[in-house]
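Please build the complex by placing chain B on the supplied structure of chain A, with the hints as guidance.
Chain order of the listed sequences is A and B.
The first sequence lines up with residues 1 to 134 when you count with my numbering.
The second sequence lines up with residues 1 to 263 when you count with my numbering.
No lab work stands behind these hints: they were computed from the structure.
Each statement offered as a hint is correct.
Simulated pairs of lysine-lysine, DSS-like, Cα-Cα distance not exceeding 27 Å:
| hint | chain 1 | residue 1 | chain 2 | residue 2 |
| --- | --- | --- | --- | --- |
| 1 | A | LYS98 | B | LYS179 |
| 2 | A | LYS127 | A | LYS32 |
| 3 | A | LYS105 | A | LYS36 |
| 4 | A | LYS48 | A | LYS32 |
| 5 | B | LYS135 | A | LYS117 |
| 6 | A | LYS86 | A | LYS54 |
| 7 | B | LYS205 | A | LYS86 |
| 8 | B | LYS139 | A | LYS63 |
| 9 | A | LYS127 | B | LYS205 |
| 10 | B | LYS103 | B | LYS84 |
| 11 | A | LYS36 | A | LYS48 |
| 12 | A | LYS54 | A | LYS98 |
| 13 | B | LYS205 | A | LYS63 |
| 14 | A | LYS32 | A | LYS98 |
| 15 | A | LYS86 | A | LYS63 |
| 16 | B | LYS179 | A | LYS127 |
| 17 | A | LYS36 | A | LYS86 |
| 18 | B | LYS244 | B | LYS59 |
| 19 | A | LYS117 | A | LYS105 |
| 20 | B | LYS205 | A | LYS98 |
| 21 | A | LYS63 | B | LYS135 |
Just some of the chain A residues that point at chain B, by a computed CB distance under 8 Å:
| hint | residue |
| --- | --- |
| 22 | ARG74 |
| 23 | ARG77 |
| 24 | PHE125 |
Over the 10 Å line for every Cβ pair with chain B, so calculated as not near, a few chain A residues:
| hint | residue |
| --- | --- |
| 25 | GLY4 |
| 26 | VAL13 |
| 27 | MET26 |
| 28 | GLY27 |
| 29 | VAL30 |
| 30 | ALA33 |
| 31 | PRO40 |
| 32 | GLY112 |
| 33 | LYS117 |
Built from N, CA and C at the ideal position, the CB exists for glycine as well.
Given next are the chains, with one letter for each unit.
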Amino acid sequence: MYDGGKIILGIAVFLAFATFPFYSNMGRTVPKAEPKIDTPVIQQMEEKECVEPKEFMRAEHMKLLNEWRDSALRDARRVYVSSRGKRYDISLQNTCMKCHSNKSKFCDECHGYAAVKPYCWDCHFVKEEARDEH
Amino acid sequence: MSIDRREFLKIAGLTGIGIGLGATNLLLRGGLEASQFEPPPEGLTAERWAMVVDLRRFKTEEDYRRVIEACHRIHNVPDFGNPKDEVKWIWTDTFEHAFPGQKSEFIPEGLKRLPFLLLCNHCDNPPCVRVCPTKATFKRSDGIVMQDFHRCIGCRFCMSACPYGSRSFNWRDPRPFIKEIDPAYPTRTIGVVEKCTFCEERLAKGLEPACVEASRGGLIFGDLADPDSEVRRVLGSHYAIRRKAELGTGPSVFYIIGGEEYA
Numbered sequence: 001m002y003d004g005g006k007i008i009l010g011i012a013v014f015l016a017f018a019t020f021p022f023y024s025n026m027g028r029t030v031p032k033a034e035p036k037i038d039t040p041v042i043q044q045m046e047e048k049e050c051v052e053p054k055e056f057m058r059a060e061h062m063k064l065l066n067e068w069r070d071s072a073l074r075d076a077r078r079v080y081v082s083s084r085g086k087r088y089d090i091s092l093q094n095t096c097m098k099c100h101s102n103k104s105k106f107c108d109e110c111h112g113y114a115a116v117k118p119y120c121w122d123c124h125f126v127k128e129e130a131r132d133e134h
Numbered sequence: 001m002s003i004d005r006r007e008f009l010k011i012a013g014l015t016g017i018g019i020g021l022g023a024t025n026l027l028l029r030g031g032l033e034a035s036q037f038e039p040p041p042e043g044l045t046a047e048r049w050a051m052v053v054d055l056r057r058f059k060t061e062e063d064y065r066r067v068i069e070a071c072h073r074i075h076n077v078p079d080f081g082n083p084k085d086e087v088k089w090i091w092t093d094t095f096e097h098a099f100p101g102q103k104s105e106f107i108p109e110g111l112k113r114l115p116f117l118l119l120c121n122h123c124d125n126p127p128c129v130r131v132c133p134t135k136a137t138f139k140r141s142d143g144i145v146m147q148d149f150h151r152c153i154g155c156r157f158c159m160s161a162c163p164y165g166s167r168s169f170n171w172r173d174p175r176p177f178i179k180e181i182d183p184a185y186p187t188r189t190i191g192v193v194e195k196c197t198f199c200e201e202r203l204a205k206g207l208e209p210a211c212v213e214a215s216r217g218g219l220i221f222g223d224l225a226d227p228d229s230e231v232r233r234v235l236g237s238h239y240a241i242r243r244k245a246e247l248g249t250g251p252s253v254f255y256i257i258g259g260e261e262y263a
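This is chain B alone, in the form it adopts within the complex:
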């Protein structure tokens, strides 16, 4: 049997349509309806979450320790016991290290020694998000720079992009180094980058971040876009500085240092 050109084109066209329909069917099958998911009713929402660290309220080492403990305990942050492998979500460092652009030899002696509470700044323009090749880290519509541990391939681009050192890499399996695992939160595995998520899992339950709760007023959390929020009220009446804001990252963590008490 021989077919002419016209016949061949007809068959080829029909075959093409058949393959197309089959592929579409395969692609569409199995997906669940998007409307089956809802945001939690009791969750806290904002346009841009932000935090103010009021260092005047941190007087003793215990004040810092309590806040760091609260975070690291509920998020199963491992303690490897050496600075090389260290994993941290919230930690302290000196003024000179935290604000290298603002150091001078004439700052008050007390300020030089004052520990600064540091965490992910949840930047408005996060460099870590730009470099992530898998979109494991991304910015949510409420300003939180999220980390999807499932997608992280451990390339550590985000760690070199972050100017604040807010990200830690799991060089080793973290599980054996967690004192007491909180069964409500997952751990991480070896080869994954982790950082503070502004306790988005707590916000979804209507709770403030764990560090804020443990800080007894030293940390203020709220919506930067809402002029009536606590953070805006505090920022409107106090002079606050941000870490390396000159880089254009738009950090959402503010620091109130206070005046003469460090002199």
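Chain A extracted, bound-state conformation:
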């Protein structure tokens, strides 16, 4: 094999780089994401329910928020009729965050765990006490 040493060295260096994310994270435990819903408004609710069932919200909230945004802003349809037939004002700041006033414990908990950085909060304002770095 010509230049065998260089090739093997090259492969070794490549592998070291390519597998860096794996061994650098080896043994490191990331605390499980545990979003909290213990806000004053939710505590006072008799039946603790979101606009849609928990399972749906957990999996599809980002799609729902996109639909809400387009409906309210582009079609001026600012009322959402949920699958249970309840009506909600479409507003991230005034409807969602009224109950989920604990952004750092509710939103950021999972977003941080999943390493997603939604840019909602660049514009949508969250009061200082609930504010946290993304």
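Frame of chain A, contents of chain B only:
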């Protein structure tokens, strides 16, 4: 194993159908029913919203300041403190600047100094909408020229298209320059164009625009298509001018200047 032409075409056709069905399924999945959304029941509706600025009612600087403050406060409009970065939804300028086609050296002296209240004209034929590459700005069926801040990519075509200077660009992060953030309304971010939206979020709640409410009768708001509306009544009994109407934009903001009080 060998396959003949007939066999190959059959398999290819079935594969094609399979891929098509799969793709359709992917596209349709996850969408929410359109009927789940309704317009707000208490909202104000119109065919074409319009505003009349009755300058006879604006007597002191305080009259202007109150109106501008009301708008800029509830919409979290930043104050950068220098004219280069200025962001404005409603502001004042001179007759000469607001109506360049109608200036002459013989207009009353008082009119030359009179501040004109300016805002987005919510044109019937808005040039900003035509040039927007992302449809971030669009015209609603009620005539409001809306700005979808989510979609704005900050190209500023709309700013060069607008003949009225109604649009402002956020050259810097606006948040630190907002005196007191109104928690009911979002702020904007750096790189986004903003302007007056005729308070569409207030109309949806059945309220008149904030400037109209603060103007104590100086601003009249209503439906241009309704012959019985307040704006039509005022326009039917007073001579009103519009900014640069000769450009064919069809502005929906009218100005009543009044007569001898500026002489």
